[in-house]
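Peer 1: Sequence:
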Amino acid sequence: MTEKSTGNATTRDWLAYYRASLADGDLIGLDSKKMDSAIPYEDFKEGRMNQQATDAVFAALPRQDQDKQFVELIFAPFRAALNASHGVASGAADRVVLVVYVPAVLARDGALMPARRLTPWMPREHLDPTPRPTVLGSLEAYDSFLTDSQCDPAEMTWAALLGYAAKMVQAVIGEKIESDMKITISGNPYHIDGKARFATATMLKGAGANILRLYDALLSTDKKADPLPELLTRILPSEPANHTGPLSLSGELDAALAHVGQMTARFPLSPSQRRTLHHFFVAQEEGSVLAVNGPPGTGKTTLLQSVIASMVVHWALNQASHPPVIVAASTNNQAVTNIIESFATTADATDPLSMRWLPEINSFGLYCPSESRLTRDESIKRFQCCATARDGSVIGFPSQIETPEYQARAEKAFLENWLTCAEAQGGLFPDMPTIPAAKAAIHVALRTLANESLFDPVARLCDLSMRVDAMRERLLQRERLQSAQEEAGRLYEEKTSQAEAAKNALENAEAVAAAFKRHVLSLPFWLALLTFLPPVKKNLALRNGVFLEPYGQAVKDLPIKSYAESYGIIAALDARVATARERSEQAGTEAMSAKASLGRITEDLVSLDSDIESVIEDLVKFDPQPISRPLTAETAPILHTETVYAALEALDTKVRGRLWWLAVHYFEACWLIERREDLESGYKESQAPNKQVRRWRRYAKLTPCIVTTLHMAPRVFSGYAGKYEPLYEAIDLLILDESGQVAPQVAIPAFALGKRALIVGDTYQIEPVWAVPEGVDAANLIAFGILKEPKNGGKLAHLPEETGLRPFSASCGNLMALAQLATPYALPGFAEPGMHLTEHRRCATPIIEYCKALVYPNLQPLTPSREAPLPHFGYAHIAGASQKLGGSRANFTEAETLAEWLSRRAPELTAHYGRPLGDIVAVVTPFAGQVATIRESLEKYEIEGVTVGTVHCLQGAERSVVIFSPTVTSADPGPYFFDRGPNMLNVAVSRAKDSFLVFGDMTAFDPSIPSRPSGLLANFLFSLHPAEIVDVTPPRRAFSVETEVRTLTCKDEHVAELAEAFRIATSSIIIVSPFLAVAALQADSITSQISQVVAQNVAVDVFTDPEFNKDSKNSRKFESYLEAVRMLRDAGATVTECDRIHSKTLMVDTIRLVEGSFNWLSACRDDSWARHERSIVYTAANLSDARKRLMDTLKVYTIRY
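Residues 1 to 1201, numbered by the UniProt record's numbering, are exactly what the sequence shown covers, in order.
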């Protein structure tokens, strides 16, 4: 294929750029264990290395580099080691942290100089947000320093370079770091010794070593003789694909013929899964890329299983010698583990067909980790694993089953299962007990079932589709004919009426003419002779006029000069009769014509209705549900689509699952035959590329999905023929999962190994942990000719994003964004190109509605309602304080309150769900410092097994209850970290199946700013009822004076405490009650008590929140609030309205303070509705400082009208 260019950059320029980005990222995220050489820190500071150490460095270089005069080193001048005497739970702190890295060039004389390209950096994995337990500081502070501080090593002295590194560390950590000092990091004591660790840059190849090797192989190919693989060129940056709209229904039906397999027959695919699957089958050409946007809980795994099952069945139907080689990969081990777990074999003990016929095979997946992980990680040994040892031998699952002993057992088991199945199926398979005969019989059964039960029905559906398409035109014609029929009927009625009127007019004219003639004949003969006489003529005119007068309109305006002209009148009347006769005849003709037209239209409608009824009968055959809507040109396609999808759903559960199992057994037989031939021929494996391809095709016969990480894929799919040989295009389908988390430079070269790609991800979930700072990224983009250097010394820090290269960038891009540009489809109504999964079946509907409002407007919540012991959305207001903890933040009050509450509710939760607490609850927080703090609090209350971490810990996982600890409070400057994009709160909320709870300072969540993720969340939290968690125990406060402390734990105790306040107050009572209710005021005669104490000169101040008392579904609630305000003011209280107050406080003079969860002026007094409430009462001689702090806080939130 002709290699593409983007602007002035070619495909190879992009490859070189991504290779450099990955190498830089590997250095920046290097393995600290490899920094095992050291020199005294003072030598490092002075920019020199002693000659003995220098000679050792150069002596260790590879033979081809022995003549070099300079060598690149990476120094770690500050190595922080956890104090050995400090008891820290395993995993609660990193034992060793390298604070900063300084790249350098070492000369043969021992001089150290700044490296020309790389600048000092700090380890990204120790910057918040991070899943690591030890945090040096925030990514925000680090990025801010890089933006504001320019560094050009080529122009700097050694001292200036070290000064830049020192300023960086101080800006991030918040204190100056020196050699040989003690430091606290994330609350744990560390010690920095007096040595500067170092290693050569070439020794520090990290996790990306395999990927770099593949990059090098691609870049070394001859541009003309060895063009780059098609799929690779398709995914590399170029002009966006010409996106087309979705397939028509007939197009989907054509694609449905390729949907021949389903791993599970329990449930059919959802409509969006099916639509996505159909579009995947249409894009069959090599090099095709399909992006699938899959929000959480929309069935991505089921979709992938259906793709794999259909491809395997298709190849079996075609009697291929091997199934397709399908690889599912992602960027981290957790995502890969989630994939491999989904491929566990689920056998049906009642059906001998639906189980594996070979022993000791329990999955359709084969996991390929590194050799070291396979040997040391016990957690993955439950999977079928395969790794290649350094000597090229295969270890793991394949080596266990590809033995003569297993072959014999497997052949015996296969034939026994085959015969059992044949007997159960009533002779489905002939009784010829050999593997080749079984293979042939299985294929006959597979082909027969596919033809009769799948292809034929789908073909009939295709035919029906064409008929419905034609029917749609007929329905349009029918609608036109119905309109014409109505018009023809109206015209017929009109013409008939006109004909009748014309006939009546004729009859009337004839009657008048005849009557007048008789009248004339009745005139005496002699009198007629005398009409010339004026008196006679006058008498005759009078006589004729009197006769004609009763006929009125019939004789009006006769064309005569006088009524005396009898014969003139007769002539005029005869003329009128002739005219009336002509009109009557014409009207009759028109009426007959209208009747004939109506008849023809009616006949056409009867014919059309017969044709339409025939199609409807066929529709009902596929979907027996009654047609409940009027059939029109608009509803027919909808009805047709529903019918087609219903028919295809039936095939999912009745046919496609059986086809899958037949294909599984077909390839089991193929594997047995191949292995028998290999054993008998003495076939020997080797690293030769062709044999490696053969090996993976053989493995695919038993495990159709090979699972690995993107870091391992280049090694897994490679051979050796005197040098490293990637197995280009050996993968028939490359599936990349969680692609929104994958940085482009990590994934790009894997596309050279495949023919087609299915990219699944969600750009609104966790973003990649970008190892390359934007400044370094910009320098690489310029160096490889992709960007031009900014003029006038412009900053490089935000160049990738500002120039529109965000999707492609190594510092801010992700694979999913790249796939969206390369995919051929864009669906109307969706912002992101690609296919979309839209039916959500995991989280309770109110929970996923938040995510829908935040980022997924087209999501369809379909989760069945289920009982839960906690509200779907809930919150507990905790008036704590955020403080720095090393380079992170912590809120001890939040952590303590959360842990104490969870310890009390744990028995109820475990009883309801029937599982350990760790499988029910997870705690998420944005800060690693808070992670450690919450873990300590949980340990204090002896709570074990609960996952506590940043959002990274729950990516791809879920819990029934997720508790979010924001850590920051309204006193901290915003915007908060979780408001800088939708991703963090979207991930946190979407992991909760039944309940999402916020334990923190709720005044930090402002519902008036729904454009912020936290503001939108506030709207959901504060609009639902009951949403507040009221049974939290506020942590006890410390006062500078001696204080008596007691706890209120029920409604009656709180009511009594309020009455006691009115009894003992001498100067003031402060009541903070966010909610007001008339019923509560009346139940305890509160307004009467207020009137009494006000009369005694006691000031009563009530603070409340009007917004909390509004309910769009219940207008009476706010009316009750307004009435309560009036009652309180009438009683003499001062009512102050505030914005976002959540505390429930009662203060009496300066001697008593009550804080807790009881709404003093709204909580229900009825025992049947009263809830668990908890408050702490502080009594002391003087609490004036506490009163001042309370009033100062309330003033901040007072609404100014």
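Be careful, since some hints might not be right.
Using C-beta positions, here's what the derived DEER-type ranges look like [as the list claims (entries may be wrong)]:
(1) Gln51 / Ser379: 44 to 50 Å
(2) Asn318 / Leu61: 32 to 38 Å
(3) Glu944 / Ala154: 44 to 50 Å
(4) Glu939 / Ser1008: 35 to 41 Å
By construction, these hints were calculated from the structure, which means they are not laboratory data. C-beta atoms are modelled at their ideal positions from N, C-alpha and C, and glycine is treated no differently.
Peer 1: None of the hints should be skipped; say for each whether it holds.
Peer 2: Now for the hints, and whether the structure bears them out:
1. Gln51 / Ser379: 44 to 50 Å: 48 Å, holds
2. Asn318 / Leu61: 32 to 38 Å: 55 Å, violated
3. Glu944 / Ala154: 44 to 50 Å: Check failed, 54 Å falls outside 44 to 50 Å.
4. Glu939 / Ser1008: 35 to 41 Å: With a Cβ separation near 39 Å, Glu939 and Ser1008 satisfy 35 to 41 Å, so the hint holds.
Checked against the numbered hints given earlier, the structure breaks hints 2, 3 and satisfies all the rest.
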